[in-house]
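**Student:** Heads up: the sequence lines are chains Z and F, in that order. If you count the first sequence from 1, position 330 lands on 329 in numbering that gives the first Met the number 0, and the numbers rise without skipping. If you count the second sequence from 1, position 273 lands on 272 in numbering that gives the first Met the number 0, and the numbers rise without skipping.
Everything labelled a hint here was simulated from the structure, so no lab data went into it. Any given hint might turn out to be false.
[Claimed, not checked] Think about it this way: if two alpha-carbon atoms lie no more than 20 Å apart in a straight line, the pair counts; the simulated EDC-like pairs of lysine to aspartate or glutamate are:
| id | chain 1 | residue 1 | chain 2 | residue 2 |
| --- | --- | --- | --- | --- |
| 1 | Z | 268 | F | 177 |
| 2 | Z | 268 | F | 78 |
| 3 | F | 66 | Z | 5 |
| 4 | F | 268 | Z | 5 |
[Said to hold, decoys possible] Not the full set, but computed from the structure, chain Z residues with beta-carbon under 8 Å of chain F:
| id | residue |
| --- | --- |
| 5 | 59 |
| 6 | 64 |
| 7 | 90 |
| 8 | 118 |
| 9 | 121 |
| 10 | 124 |
| 11 | 151 |
| 12 | 171 |
| 13 | 175 |
| 14 | 177 |
| 15 | 228 |
| 16 | 371 |
| 17 | 374 |
| 18 | 375 |
This structure is a prediction, so every number in the text was calculated from the model and none was measured. We treat Cβ as the ideally placed atom computed from N, Cα and C, and that holds for glycine.
Number of protein chains: 2
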Amino acid sequence: MNTVSELDTPSALVDLQRMQRNIDRMQARMDALGVSFRPHVKTSKCLPVTQAQLAAGARGITVSTLKEAEQFFKDGISDILYAVGMAPARLGQALALQQRGCQLKIITDSVAAAQEIGRYATAHNAVFEVWIEIDTDNHRSGIKPEENALLEVAHTLQDAGMIVGGVMTHAGSSYECDTPEALRAIAEQERAGAVRAAQRLRDAGFACPVVSVGSTPTALSAAHLEGVTEVRAGVYVFFDLVMRNVGVCTMDDIALSVLTTVIGHQEEKGWAIVDAGWMAMSRDRGTQSQKQDFGLGQVCTEDGQVQEGYILSSANQEHGILAHTAGPDQNIARRFPIGTRLRILPNHACATGAQHPEYQAVQPDGGTAAWPRFYGW
Amino acid sequence: MNTVSELDTPSALVDLQRMQRNIDRMQARMDALGVSFRPHVKTSKCLPVTQAQLAAGARGITVSTLKEAEQFFKDGISDILYAVGMAPARLGQALALQQRGCQLKIITDSVAAAQEIGRYATAHNAVFEVWIEIDTDNHRSGIKPEENALLEVAHTLQDAGMIVGGVMTHAGSSYECDTPEALRAIAEQERAGAVRAAQRLRDAGFACPVVSVGSTPTALSAAHLEGVTEVRAGVYVFFDLVMRNVGVCTMDDIALSVLTTVIGHQEEKGWAIVDAGWMAMSRDRGTQSQKQDFGLGQVCTEDGQVQEGYILSSANQEHGILAHTAGPDQNIARRFPIGTRLRILPNHACATGAQHPEYQAVQPDGGTAAWPRFYGW
């Protein structure tokens with residue numbers, strides 16, 4: 000077993016103590032609010048992370064690709080929600096999973112797609128459980144709770160013999176909030192919209208057993224979740240600088256970082272050059288439009304101490320430029336000599352993790368274990 | 000063999016006819032300018048692409064990670080420049096490659112790093128060929144041609160018994176140009192700076208056989224390359240929207256695209272939702288600061304016809320939002336019905352390719368072949 004100081008750079012580190020604290024905090028909150036929790040595993044795409052979430056009490060998982068569904072089903076996880084609108088050409092892949100015993104739920108938000116699902120299922124003598132996607136904040140997909148299309152889609156599915164399993168929504172615009180008041184308001188908007196949609200379906204005779212809502216900010220901000228049966232959230236497991244700016248975690252909660260080495264300097268500019276470029280950090284600039292812009296990441300020492308004001312100000316593919324936000328640090332080459340190892344906290348844990356074939360899971364004693372993650376479709 | 004219409008989405012397509020035209024154009028230009036050409040394979044990380052570059056006349060390759068060096072050396076390519084400042088802790092990996100017969104060249108731009116290289120080599124009874132990185136445009140790493148450090152580094156290397164193989168520079172600021180005049184000027188600045196650095200080394204008694212310069216924009220814009228021995232460039236093999244805005248390719252030269260499927264709409268907003276989000280496109284927003292902003296990509300039909308004005312205006316992990324730049328297209332759901340397959344041209348081919356485990360190489364007859372690419376460090 001390696002220690003952090005023996006790892007190659009760049010590497011993606013996961014602080015296991017922080018990760019477990021994040022998992023426990025979310026699960027305890029869901030338990031207190033009286034709802035099931037279905038973590039979104041697109042953040043990690045990593046079995047040990049997902050197992051830790053299930054061990055803490057999560058029921059089922061949410062995925063963003065059918066490849067995630069296939070990988071995690073192979074690993075013994077059966078209750079899976081595929082939370083991206085179903086592409087007709089992928090229905091065969093969904094059916095194959097179902098036929099192998101996966102309790103796969105798919106989603107739709109249009110009559111046209113519901114018809115495609117029905118047609119495919121009828122032709123293949125299959126039944127899909129379909130949840131209807133609700134738009135509660137105008138940010139992406141879904142049917143608004145009061146739209147006629149809601150009932151039209153439900154009837155289209157029912158007429159084709161599909162199971163209308165429930166409604167689901169994701170208030171992604173919660174990422175744009177940064178006050179407790181705004182967060183509570185968007186969480187209530189998400190809850191109320193989903194519950195209203197479910198009520199309309201029930202009034203029309205549909206059982207609509209599931210009312211599924213969630214995003215990390217709303218899950219951590221909802222005052223109550225009356226009428227909701229389950230919550231989904233993903234990035235909370237690692238947190239990141241975007242979530243720190245939203246206000247749902249502190250810098251000390253961020254469990255993912257990129258280990259890097261100083262490889263050069265431009266002293267008059269106050270730059271240190273590190274071997275973590277955008278390939279290691281991702282191109283995500285999520286904090287650019289937030290209250291504190293961290294460039295491409297916050298610089299910490301190798302053991303994780305935040306170096307106030309030092310960020311990755313820009314990056315090329317395998318070069319990161321480390322600088323101080325207040326202007327050139329003329330002492331940069333003495334502060335961070337060549338060979339210095341640093342950790343960089345990322346803007347967006349989902350995007351940064353995706354750049355790495357594996358995580359290095361860091362235990363409290365400093366030992367590490369390689370945790371593979373997958374990618375692709 | 001699949002045709003494009005049978006491929007899953009999202010997929011990364013490479014138009015082989017365009018790729019070969021891009022390769023031939025660059026090699027013909029290098030031949031006419033009388034220099035060797037050493038393509039940067041960080042763009043593709045794919046053996047068949049690299050083999051096509053070598054078959055056209057390239058001599059050796061440039062890599063951005065030692066993993067690329069290991070992969071391509073395993074595939075029989077021996078003449079390799081690792082064009083990122085050497086991290087001391089990676090010297091063992093470089094030595095192992097050399098001991099297996101790889102003609103690996105490493106680079107440095109500081110006395111401190113040169114000392115580390117010398118110390119390691121002495122301790123392991125090894126000799127590295129080291130090129131000195133020159134800063135010709137103030138954008139990232141390197142020693143300026145007139146700095147004292149240039150000779151200090153060369154002497155440090157020589158005193159430790161290393162081979163001072165030459166100088167190399169990369170005028171990355173050429174990406175910020177968008178007129179032929181500015182491009183010719185930055186190409187000349189890159190050439191003159193590298194040649195001047197080599198001259199200073201020769202005046203001090205170093206042979207300095209190699210003078211290596213390059214970036215795609217400068218390689219395609221230099222009026223002459225007197226004193227230069229080799230050129231490096233990477234993204235020209237695929238080109239992309241950033242290079243189209245720089246002015247060194249047309250839209251019809253772009254060989255890389257992402258195949259995607261329409262999965263939903265928000266009609267009143269004029270949105271189509273597609274299954275290519277930032278996971279498939281990358282988060283690169285390189286055209287944001289250029290003369291034409293393509294959002295996250297330019298929309299084309301499945302067979303590659305550019306759909307003027309339609310771009311990916313934003314994206315989440317597995318959702319892309321397709322919209323018209325002039326405002327909501329109320330006809331969007333009829334223009335691009337659910338199930339419609341489209342190609343999206345990327346901002347930055349290096350970043351977009353990196354998101355995909357393989358390319359689908361598309362032949363002129365429409366047949367495709369899976370070309371694996373690797374990632375990680």
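**Student:** Hint by hint, say whether it matches the structure.
**Tutor:** Here's how the hints hold up against the structure:
1. 268/Z <-> 177/F: Judged against 20 Å, a Cα distance of about 26 Å means the pair is violated.
2. 268/Z <-> 78/F: violated, 34 Å
3. 66/F <-> 5/Z: holds, 18 Å
4. 268/F <-> 5/Z: violated, 52 Å
5. 59: violated, 19 Å
6. 64: holds, 6 Å
7. 90: The hint is violated - residue 90/Z has no Cβ within 8 Å of chain F, the shortest such distance being about 11 Å.
8. 118: Interface hint status for residue 118/Z: violated (11 Å vs cutoff 8 Å).
9. 121: violated, 17 Å
10. 124: violated, 22 Å
11. 151: violated, 14 Å
12. 171: Holds, because the Cβ-Cβ distance from residue 171/Z to chain F comes to roughly 7 Å (cut-off 8 Å).
13. 175: violated, 12 Å
14. 177: With a closest approach of 19 Å, the residue 177/Z hint is violated.
15. 228: violated, 24 Å
16. 371: violated, 11 Å
17. 374: Holds. Min distance 6 Å.
18. 375: Hint on residue 375/Z: holds, closest Cβ of chain F at ~4 Å, below 8 Å.
Going through the hint list in order, the structure does not satisfy hints 1, 2, 4, 5, 7, 8, 9, 10, 11, 13, 14, 15 and 16.
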